[in-house]
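Please work from the sequences and hints to get the whole structure.
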Amino acid sequence: MKDVLIIGGGSAGIGAAETLLAMGKSVAIVDSAPFVGGVALELSCKGDVECTRCHVCMPRDAASRMRSSEAMEVYPLSTVGSATLGTKDIALEVRMSPRFVDPKKCIACGKCVAICPVKGALIPPPFGAIPNAPYLDKELCKHFQGGKCDLCANICPTQAFNFGAREKVVRVRARAVIVSTGLDPIDPSGVLHYGYGHLRNVISSLDAERMVAEYGELRRPSDGQRPKRIAIIQCVGSRTTKGGVEYCSKFCCKYGVRIARSIVERWPDTQVDFFYMDLRTFEPRFEALEWAVGKKNINISQGVAGIVQDSGNGNLKVRRTLPGDASIEEGEYDLVILTVGGQPRPESRVLASKLSLQVDPLGFISKDNRKKGVFVAGSCKSPMDIEESFADGKATAFAVLEWLGAMR
Amino acid sequence: MTGKLNIVAFVCENHAFSALRAISVSGESLPESFHIIKLPCTGRLETTHMLDALRAGADGIAVIGCLEENCYHDVGSMLARGRVERVKEILKDIQIEPDRVEMFNVASVSSSLLLSRLRKFEQKIGSLPATPFKGAMR
Amino acid sequence: MTGKKILLLVSSCTVCSGLDNRNFDRLISQIKQDRRIGKILELDQICRAEQKRKIRSLNTRGSDRAIIASWCSREALGKIPLPKGIDPSLVEVLDLSLYSPKGVKGQPSPEPLMCAIRETAARLALSEPVRDRRIRFSSDAVAVIGSHEGAMRAARALAQHGYKAILIIPQKLPKQKDRNIEVIDEAVIKNLDGIPGNFQISYVQHEEEKKVACAAVLLVGERCLADVRPPTNPRVRFVPLERFDEFMSSGAKPKGIVFLDDLGSLTSASDTSVPLWHSLLESAKNAASAGLAEQVSVIARDIKAAGLLELVWKEAAESGVKFIRYDDKSRPKIDKVEPMIMVKDIVLGETLEIPADVIVAPVTTRPWEPVFIERMFVPGDWDVRVRSRGPQRGIGQSPCDGIFVVGYAGFAKLTDQSYPELGAVLSELSAFLNRGYHIAKGAIAVIDEDKCSACNTCVRTCPYRAARMNDRWKAEIIAEKCAGCGNCVAVCPSRAIELKNCTRAQIESQLLVSQEAIF
Numbered sequence: 001m002k003d004v005l006i007i008g009g010g011s012a013g014i015g016a017a018e019t020l021l022a023m024g025k026s027v028a029i030v031d032s033a034p035f036v037g038g039v040a041l042e043l044s045c046k047g048d049v050e051c052t053r054c055h056v057c058m059p060r061d062a063a064s065r066m067r068s069s070e071a072m073e074v075y076p077l078s079t080v081g082s083a084t085l086g087t088k089d090i091a092l093e094v095r096m097s098p099r100f101v102d103p104k105k106c107i108a109c110g111k112c113v114a115i116c117p118v119k120g121a122l123i124p125p126p127f128g129a130i131p132n133a134p135y136l137d138k139e140l141c142k143h144f145q146g147g148k149c150d151l152c153a154n155i156c157p158t159q160a161f162n163f164g165a166r167e168k169v170v171r172v173r174a175r176a177v178i179v180s181t182g183l184d185p186i187d188p189s190g191v192l193h194y195g196y197g198h199l200r201n202v203i204s205s206l207d208a209e210r211m212v213a214e215y216g217e218l219r220r221p222s223d224g225q226r227p228k229r230i231a232i233i234q235c236v237g238s239r240t241t242k243g244g245v246e247y248c249s250k251f252c253c254k255y256g257v258r259i260a261r262s263i264v265e266r267w268p269d270t271q272v273d274f275f276y277m278d279l280r281t282f283e284p285r286f287e288a289l290e291w292a293v294g295k296k297n298i299n300i301s302q303g304v305a306g307i308v309q310d311s312g313n314g315n316l317k318v319r320r321t322l323p324g325d326a327s328i329e330e331g332e333y334d335l336v337i338l339t340v341g342g343q344p345r346p347e348s349r350v351l352a353s354k355l356s357l358q359v360d361p362l363g364f365i366s367k368d369n370r371k372k373g374v375f376v377a378g379s380c381k382s383p384m385d386i387e388e389s390f391a392d393g394k395a396t397a398f399a400v401l402e403w404l405g406a407m408r
Numbered sequence: 001m002t003g004k005l006n007i008v009a010f011v012c013e014n015h016a017f018s019a020l021r022a023i024s025v026s027g028e029s030l031p032e033s034f035h036i037i038k039l040p041c042t043g044r045l046e047t048t049h050m051l052d053a054l055r056a057g058a059d060g061i062a063v064i065g066c067l068e069e070n071c072y073h074d075v076g077s078m079l080a081r082g083r084v085e086r087v088k089e090i091l092k093d094i095q096i097e098p099d100r101v102e103m104f105n106v107a108s109v110s111s112s113l114l115l116s117r118l119r120k121f122e123q124k125i126g127s128l129p130a131t132p133f134k135g136a137m138r
Numbered sequence: 001m002t003g004k005k006i007l008l009l010v011s012s013c014t015v016c017s018g019l020d021n022r023n024f025d026r027l028i029s030q031i032k033q034d035r036r037i038g039k040i041l042e043l044d045q046i047c048r049a050e051q052k053r054k055i056r057s058l059n060t061r062g063s064d065r066a067i068i069a070s071w072c073s074r075e076a077l078g079k080i081p082l083p084k085g086i087d088p089s090l091v092e093v094l095d096l097s098l099y100s101p102k103g104v105k106g107q108p109s110p111e112p113l114m115c116a117i118r119e120t121a122a123r124l125a126l127s128e129p130v131r132d133r134r135i136r137f138s139s140d141a142v143a144v145i146g147s148h149e150g151a152m153r154a155a156r157a158l159a160q161h162g163y164k165a166i167l168i169i170p171q172k173l174p175k176q177k178d179r180n181i182e183v184i185d186e187a188v189i190k191n192l193d194g195i196p197g198n199f200q201i202s203y204v205q206h207e208e209e210k211k212v213a214c215a216a217v218l219l220v221g222e223r224c225l226a227d228v229r230p231p232t233n234p235r236v237r238f239v240p241l242e243r244f245d246e247f248m249s250s251g252a253k254p255k256g257i258v259f260l261d262d263l264g265s266l267t268s269a270s271d272t273s274v275p276l277w278h279s280l281l282e283s284a285k286n287a288a289s290a291g292l293a294e295q296v297s298v299i300a301r302d303i304k305a306a307g308l309l310e311l312v313w314k315e316a317a318e319s320g321v322k323f324i325r326y327d328d329k330s331r332p333k334i335d336k337v338e339p340m341i342m343v344k345d346i347v348l349g350e351t352l353e354i355p356a357d358v359i360v361a362p363v364t365t366r367p368w369e370p371v372f373i374e375r376m377f378v379p380g381d382w383d384v385r386v387r388s389r390g391p392q393r394g395i396g397q398s399p400c401d402g403i404f405v406v407g408y409a410g411f412a413k414l415t416d417q418s419y420p421e422l423g424a425v426l427s428e429l430s431a432f433l434n435r436g437y438h439i440a441k442g443a444i445a446v447i448d449e450d451k452c453s454a455c456n457t458c459v460r461t462c463p464y465r466a467a468r469m470n471d472r473w474k475a476e477i478i479a480e481k482c483a484g485c486g487n488c489v490a491v492c493p494s495r496a497i498e499l500k501n502c503t504r505a506q507i508e509s510q511l512l513v514s515q516e517a518i519f
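Residue numbers (the numbering used here), protein chains in the order written: chain A, 1 to 408; chain B, 1 to 138; chain C, 1 to 519.
No lab work stands behind these hints, which were simulated from the structure alone. Where a beta carbon is used, it is the ideal one built from N, C-alpha and C, also for glycine. There could be a bad hint or two in this list.
Rough simulated footprint, nothing fancy, chain B against chain C, three-plus residues with beta-carbon under 8 angstroms [stated by the list, open to error]: (1) 92–101; (2) 110–120; (3) 481–488.
Right, dumping it as structure tokens:
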């Protein structure tokens, strides 16, 4: 029996786990992704020389410190089936899909990743991921897609591969549960006038971050070249009644500004035009934008960018206004980044009903079930960025500690 | 430029070394020309050490530390950058290419970014003429 | 250099290393030539338990230090097997997988591996045994420092959760009954000294200097209101945002109420932080719904209705609140005669005249006592608020070990927003107190007094305030505080400081070995 089962190992879950482990409790983390660590695992650090406080490394550093703790067990690629809220504990059925690499045997030497012939079939763990062992994607892996290939299994020094691994169902009992299932990124293809999905060089902020995390730079999807004129459009899919959500996702201003900054600082030969409606960074505006002062290659424009269209060669024309000029013009760019926010996951609603948690009409979990030992942390409650989710995870862990002390 | 390149990398044992270590699990390895000297903080690095390394025959020096304002020990990487800039000025004065010395600030999560920067740095050093001090201290 | 040699334990798993036997032997024979290295042992699969046991019972005669070189990640290696008779601080673990190219056709070169081992040996040969110490916390109390309301609330919250709070405030407090709160009122903080878990706070109370001990410090801050220069137009009245509810029930019936994002926006480029917008939007919405004035407007640079607040903004707009955005070049101005504000709406592109016989705004706070930033060396940001620097340090995180920040000390926020932050702080505080000890590192800086010129550079540089002048007017390092970062060593103009286990000789030795490398 564990003290606390955390469903959703993102920033909030990691924050909670760190506190609980430090207080000597035993923790289990269930996550549907192949690695525990949340969306931060896919994002890149936005600092060039100076830290921009994007907080991507915060939960990941915490997770890497916790990795070898014996009081923690993780269930990656797993979902919760049924749940029984008893008087003394909570019993959950956890369905684990096979990862094919045994983390207890893996020594993270990287040989399998180097030798795999299919790009993307064997994914190395990003820094801070738990477990620190590669993940084999069955859909891409040659061995599972009809070919004969066991290069990875053969080269592994510790025989950590098991192609025959099957799905397992485990019963986990815990004294308390924290639900921290987070958000899904909003798909910008619903916002038709931006052309995401059919214009090749229109990408989302998440695509941009993944690209930088993998290649170390931005590349135009059409020709692989580094872009020289970039438009960054904020609030895509949020604050809208068409093709997105009505509320504000809150964290995208913070990330958008930092993405713009990291591009301007790392690649000073790039021209960046940044379009936003309201700047809702947590810090005051002058602080959020002081890096841009005096730089010639950045325009920050309060005014929504309009239609994005193809202008040939994969370039894009965007109708927008520039600062100091009220007229609407068309500008040409070779890459457009649409900054997207987040929305509650449909799975969160399903999980909430199993644990008797209330969900509001927007899909956020609005009330926990403390009497029965079920707590809620992080952005599945309301839009939050990584920093706030991490702090909320800790605050929830504290409430759980008190509850455990008082109740069970 | 012929012969094997020899680049000394002064690395802090905190975020910078985490980023370096993570290179291995992604199936890559550190380029052969880099020799790692671990420090408790890049702030420990003195200007004379960088000059010593060049004098002893190093083709290049990479100083890899935490991001500024995120330094594990608060001020170390900022002080280190100041010293790297100072060394560049000294090198200009004595007609040695200032590009031989470079500072890299990274977070623990940026291992692929660091690797691509180090590879570019290695290429740049390789394109420079041979250092006059090769084998000076053997 | 020590007369004893280094024992080298190399994992010989050919699969892990990717080296075949011939190249592995070449590697070993090259390393043998290094005079620092004595016995070399090849063990297969060091990560396995039975191999670890073998290592622990090895005959280590002739060596007083060891290198364990393997191709495992640190976590996979697990607990480091310490050979008997060798000081744990003289055992270096080397992960060679960083240096071995993978997926390479043919044999990878063993040269980078050899360099890595030899460079490590060069440093290790000159190391001295050091020991980290654990210093137990001498107290379990938390000093709560701030000003009246905020600090009192924080102290009560701590007491409610079972902690002992020592409340240190400048005001006078009536006698209060909570046994878990010790009150030190009418006190002005002078200094914070000591180490985490054993802090000493010196303060002045009734003109006497006193000291109190605590394990941790919670900075709550103070809501220091900036001097408000009320509008000079006598027909315009200013109401602070937090007193708007009072104003609403006062029966006043103004023509136009204007909510400004910051009173300072009239004269400078400041703005309201996101937490205060909740209050601003709710107040505007209530005023419009109640028909309190003919026109309710919000004039702001950005409408900071972040997150679900966006929906409150919509409700406010639907109840008739007018939202006007301006930019830096066209800030709002209060008319000198008429009760109205002129502002250029950047969305419409027109200059508007907004009726404003009442202006409501949150009052700008001025920075808190800078003494904490300087004396306690808590990292502060440009306006001297305690802002946790670095990503490890976000909301609720402690800026340095043992010091915690909540409330206005961090940034302006409403009371009911400080409480969730307090939850995260309590969580960190619990973990800190539960840990119960401070680690005093063994590899510390040491000052040679003969060389010290008393310039104070190390005192100013040390991030841990571990360097100070002693009564011989020479600098000295307070061992318990030193974290072994070496920043003082590098800044000392007299070269009077050395860092144990990262001495100048060690760095030079590694440099020479790296440049000698021949295969």
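How the hints compare with the structure:
Interface restraint, the segment 92–101 of chain C with chain B: holds (6 residues with C-beta to C-beta distance below 8 angstroms; minimum three). Residues of the segment 110–120 of chain C with a Cβ under 8 angstroms from some Cβ of chain B number 5, which satisfies the need for three, so the listed coverage holds. Residue count for the segment 481–488 of chain C with a Cβ under 8 angstroms from a Cβ of chain B: 5. That meets the three needed, and the coverage hint holds.
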